[in-house]
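Participant: Sequence:
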Amino acid sequence: MHGPDAENAAKVIAENVVSAFERDDVGAGAFLAGGREMAVAGLMRELLDVMPAEDSDALAAACNRFLDRLATMSMPGPRVEAVDPDDGSVTMRQR
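In this text, residue positions in the sequence shown follow UniProt numbering: the first is 1, and each later residue adds one.
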């Protein structure tokens, strides 16, 4: 995956991770006033660093690196267990 395809895939995965994080009890309301867009952009950067990898573990690890940085800002929450590289869906787990 290169170019626009990688960016589109990264955006889908990032949106899914942020949505799952927001739905979690601990992460509820975590992204305020533009924070959601910043989180999506940060996740996309992490994902694009490992793409074109289509390995679920590599994609999940990239997402979790970003989520770990959020956790250091007092926003603990779930972690990504798996990413389906075909459709961008994510499976979350509690930390």
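Take these hints with a grain of salt, some might be off.
Stated by the list, open to error - Computed beta-carbon distance windows for the label pairs:
(1) G3 - R93: 28 to 34 Å
(2) P4 - R93: 26 to 32 Å
(3) N8 - D55: 16 to 22 Å
(4) R93 - R69: 15 to 21 Å
If you are wondering where the hints come from, they were derived from the structure by calculation, not from laboratory data. Heads up, the beta-carbon is just placed ideally off N, CA and C, and yes, glycines get one too.
Participant: Falls inside 28 to 34 Å, the C-beta gap from G3 to R93?
Facilitator: Roughly 32 Å apart at Cβ, these two residues keep to the hinted range, so it holds.
Participant: Given the hint of 15 to 21 Å, is the C-beta distance from R93 to R69 inside that range or not?
Facilitator: About 18 Å separates the Cβ atoms of R93 and R69, which means 15 to 21 Å holds.
Participant: Given a hinted range of 16 to 22 Å, is it respected by the beta-carbon distance of N8 and D55?
Facilitator: 18 Å, holds
Participant: Hint says 26 to 32 Å; check whether the CB-CB distance for P4 and R93 agrees.
Facilitator: Cβ of P4 to Cβ of R93: about 31 Å, so the range 26 to 32 Å holds.
The earlier numbered hints are all upheld by this structure, with none contradicted.
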